[in-house]
Amino acid sequence: MSNRTQIDARGAFCPGPLMEVIATLKLIEIGDEIEVLSTDQGTVKDLPEWCAKVGHEHVETVQHDGYASLVVRKSK
Amino acid sequence: MGKKILIVGGGLAGTIIANGLCRQMSKQLRTGDVSVTMLGTSDQHLYQPGLLYVPFGKFREAELFRDQRKVLDNRVPYFVDPASNIDVDGKIVTTESGKTHSYDYLVIATGSRIMPQTIPGMAEGAHWFYDLDGARKMREALDNFEGGKIIVNVNAPHKCPVAPLEVTFMLYDYLTEKGLMDKSEITYTYPIGRLHALEPVAHWAQPEMDKYGIKYETFFNTKEVDPGAKTITSEEGETLNYDLLVTIPPHQGAQVILDSDLGAGGWVPTDRNKLLREGSDDVFICGDTTNIPISKAGSTAHFEADTIIDNLTSLLTEERWARNYDGKVFCFVETGMNSGTYVWFDYKTPPNPGAPSQMIHWFKLAYNRLYWLSASGLL
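In order, the protein sequence lines correspond to chains A and B.
Read in my numbering, the first sequence has 3 at position 3, and its numbers run on one by one without any break.
Take any residue in the second sequence, note its place counting from 1, add 76, and you have its number in my numbering.
Chain A extracted, bound-state conformation:
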């Protein structure tokens, strides 16, 4: 069963949600997941785009009141 690490990056301007995901991917095993909470709407667009480009799986994006939850699965 995969582990899931949560990053609460709501209100985090620097380094921001995507940079936190990139850093955290280096610390987890293939198959494990990261859920990042983000108030930055740019991340909602950028993170799936980056996952597609680099080869990780964007599992889902769920919009909540004032923030989004995005899940990435490490694939390589």
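Think of the hints as simulated: they come from the structure by calculation, not from any bench.
Fair warning: there could be bad hints in the mix.
Stated by the list, open to error - Cut-off 25 Å, straight-line C-alpha distance, at most; resulting in silico cross-link-like pairs (DSS-like, lysine-lysine): (1) 424/B - 45/A; (2) 299/B - 45/A; (3) 80/B - 45/A; (4) 299/B - 254/B; (5) 299/B - 76/A; (6) 299/B - 287/B; (7) 26/A - 53/A; (8) 259/B - 291/B; (9) 26/A - 254/B; (10) 306/B - 74/A; (11) 80/B - 103/B; (12) 103/B - 79/B; (13) 259/B - 213/B; (14) 53/A - 299/B; (15) 291/B - 53/A; (16) 175/B - 80/B; (17) 306/B - 254/B; (18) 299/B - 134/B; (19) 225/B - 134/B; (20) 259/B - 306/B; (21) 225/B - 299/B; (22) 175/B - 79/B; (23) 134/B - 213/B; (24) 45/A - 76/A.
To be verified - Partner residues aside, some chain B positions facing chain A, computed with beta carbon under 10 Å: (25) 267; (26) 269; (27) 312; (28) 327; (29) 372; (30) 403; (31) 405; (32) 408; (33) 422; (34) 424; (35) 425; (36) 427; (37) 430; (38) 431; (39) 433.
All C-beta atoms in this analysis are idealised placements derived from N, C-alpha and C, irrespective of residue type, glycine included.
Go by the hints and put chain B onto chain A.
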């Protein structure tokens, strides 16, 4: 029996806290109701932001260092005996020499370190300025540089998030002054889809780079460096040629954090407001050591340290919590050899950098000296 505060880490964060506690609890230190002890890794205190200037010959090495015992209040016993294990359940810190230290309150401020060796070829093929040896080698490489392709390559995570932009614009000015920019090309690579983590800074940097003809590649996360072929390849599949590679290497937290099983990557899970280790009410975490998704920078450490001083003092003298950390960060941004700007933000206030000016650049140069007042707990 007096309450024992143990600070692990003798960098900026730990030093500000130690000195601030001495100032706030002078009476308790005199009566023995409180003691403050520090464990560090060196008898020298390094002004890390000064390393940026070393490759350009703008900072002499001796200016970077002061004797840590002179920076530190003389009421704080300081041991150059790094922690090798931190047992937060047993409330015991063991050092490399085998000594043990108990505590009532612990402050962990062990910082971060560059890890170029985690990317194949990077340690052999790249230059950096994030430690003194690297800054010396980069200075020598620049002295010998006669023109060609320079890549400024940024990796995640890293501390001092504005330094990559600063070094890029300083390189441009340096090469222009030497008459080498006409036969040189600078390319800046960044891990995410814009030129800086802070969106307003990215929006400012892009037209600046366009104006100077500095190229850039976004979504570039380094996979490997080939020092023989002089190429750098990203996880995203791009390969770039270079004559001189300047990298901001990926960082990790201190080895003792990993060895003590206190947090993946050496980053300790930390409450973003209280700055307490998650699951502890007697262990504060400060500076780069936290896992809080916030800039790893001296100013972050400074504002966090001020909060911890107030809370430790209140807890020990009034048995109450004083205040929460609000996420405040303030960074100068050198935008060349003769101009600068600044950016500040907190958990609720987005950054909004102003127009660069020579005056802010001079203020940054002044802060390079005022730093020692910050470390002393006076500024």
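Taking the hints in turn, this is what the structure says about them:
1. Restraint check for residue 424/B and residue 45/A: the C-alpha separation of about 22 Å stays at or below 25 Å, so the hint holds.
2. Distance check on the hinted pair: residue 299/B and residue 45/A sit about 24 Å apart at the alpha-carbon level, within 25 Å; holds.
3. This hinted pair does not check out: residue 80/B and residue 45/A have alpha carbons roughly 50 Å apart, beyond 25 Å.
4. About 33 Å separates the Cα atoms of residue 299/B and residue 254/B, which puts this hinted pair outside 25 Å; it is violated.
5. For the proposed pair residue 299/B and residue 76/A, the alpha carbon gap of about 12 Å is at most 25 Å, so the pair holds.
6. The hinted pair formed by residue 299/B and residue 287/B fails the criterion: a straight-line CA distance of about 30 Å is larger than 25 Å.
7. Taking the CA atoms of residue 26/A and residue 53/A, the gap is about 17 Å. The hint holds against a cut of 25 Å.
8. Simply put, residue 259/B and residue 291/B have alpha-carbon atoms about 14 Å apart, close enough for the 25 Å limit, and the pair holds.
9. Between residue 26/A and residue 254/B, the direct Cα distance comes to roughly 40 Å. Violation of the 25 Å bound is thereby established for this hinted pair.
10. Note on residue 306/B and residue 74/A: the hinted pairing is violated, with a Cα-Cα distance of about 29 Å set against a maximum of 25 Å.
11. Only pairs whose Cα atoms come within 25 Å are accepted, and residue 80/B paired with residue 103/B is accepted, the gap being roughly 15 Å.
12. Distance restraint check for residue 103/B and residue 79/B: the Cα-Cα separation of roughly 13 Å lies within the 25 Å cut-off, and the hinted pair is therefore satisfied.
13. Between residue 259/B and residue 213/B, the direct Cα distance comes to roughly 22 Å. Compliance with the 25 Å bound is thereby established for this hinted pair.
14. About 14 Å separates the Cα atoms of residue 53/A and residue 299/B, which keeps this hinted pair within 25 Å; it holds.
15. This hinted pair checks out: residue 291/B and residue 53/A have alpha carbons roughly 21 Å apart, not beyond 25 Å.
16. Distance hint between residue 175/B and residue 80/B is fulfilled; the C-alpha atoms sit about 16 Å from each other, no more than 25 Å.
17. A C-alpha spacing of about 24 Å is found between residue 306/B and residue 254/B, which places the hinted pair at or below 25 Å, so the restraint holds.
18. A hinted pair counts as satisfied when its Cα atoms are at most 25 Å apart, and residue 299/B with residue 134/B does not qualify at roughly 32 Å.
19. Between residue 225/B and residue 134/B, the direct Cα distance comes to roughly 23 Å. Compliance with the 25 Å bound is thereby established for this hinted pair.
20. Taken as a hint, the residue 259/B and residue 306/B pair is honoured in the structure, with Cα atoms around 18 Å apart against an allowance of 25 Å.
21. About 20 Å separates the Cα atoms of residue 225/B and residue 299/B, which keeps this hinted pair within 25 Å; it holds.
22. Restraint check for residue 175/B and residue 79/B: satisfied, since their Cα atoms lie roughly 19 Å apart, inside the 25 Å limit.
23. With a CA separation close to 15 Å, the supplied pair residue 134/B and residue 213/B stays within the 25 Å bound.
24. At most 25 Å may separate the alpha-carbon atoms for a hinted pair to count; residue 45/A and residue 76/A meet this at roughly 22 Å.
25. With 10 Å as the threshold, the beta carbon of residue 267/B comes within range of chain A, its nearest partner Cβ sitting at about 5 Å, so the hint holds.
26. At about 5 Å, the closest approach between the beta carbon of residue 269/B and any beta carbon in chain A falls short of 10 Å, and the interface hint on this residue holds.
27. Among the interface hints, the one on residue 312/B holds; its C-beta lies about 5 Å from the nearest C-beta in chain A, closer than the 10 Å criterion.
28. Contact between residue 327/B and chain A, as hinted, is supported at the beta carbon level, the nearest pair being about 9 Å apart and thus within 10 Å.
29. For residue 372/B, the interface hint holds, since its Cβ comes within 10 Å of a Cβ in chain A; the closest pair sits about 8 Å apart.
30. Restraint check, residue 403/B versus chain A: the minimum CB separation of about 7 Å is within 10 Å; hint holds.
31. For residue 405/B, the interface hint holds, since its Cβ comes within 10 Å of a Cβ in chain A; the closest pair sits about 7 Å apart.
32. Residue-level restraint check for residue 408/B is violated (minimum Cβ-Cβ distance to chain A is 14 Å; threshold 10 Å).
33. The interface hint given for residue 422/B is met, as the beta carbon of that residue sits about 9 Å from the closest beta carbon of chain A, less than 10 Å.
34. The interface hint given for residue 424/B holds, since its Cβ lies 7 Å from the closest Cβ of chain A, which is under the 10 Å cut-off.
35. Satisfaction of the interface hint for residue 425/B is found here, the shortest Cβ-Cβ separation to chain A being roughly 9 Å, below the 10 Å cut-off.
36. A hinted interface residue such as residue 427/B counts as satisfied when its beta carbon comes closer than 10 Å to some beta carbon of chain A; here the least separation is about 6 Å, so the hint holds.
37. Because the smallest distance between the Cβ of residue 430/B and any Cβ of chain A comes to about 16 Å, over 10 Å, the interface hint for this residue is violated.
38. Interface hint at residue 431/B: violated, since its Cβ lies 20 Å from the closest Cβ of chain A, which is beyond the 10 Å cut-off.
39. With 10 Å as the threshold, the beta carbon of residue 433/B stays out of range of chain A, its nearest partner Cβ sitting at about 22 Å, so the hint is violated.
Hint check: violations occur at hints 3, 4, 6, 9, 10, 18, 32, 37, 38 and 39; the rest are consistent with the structure.
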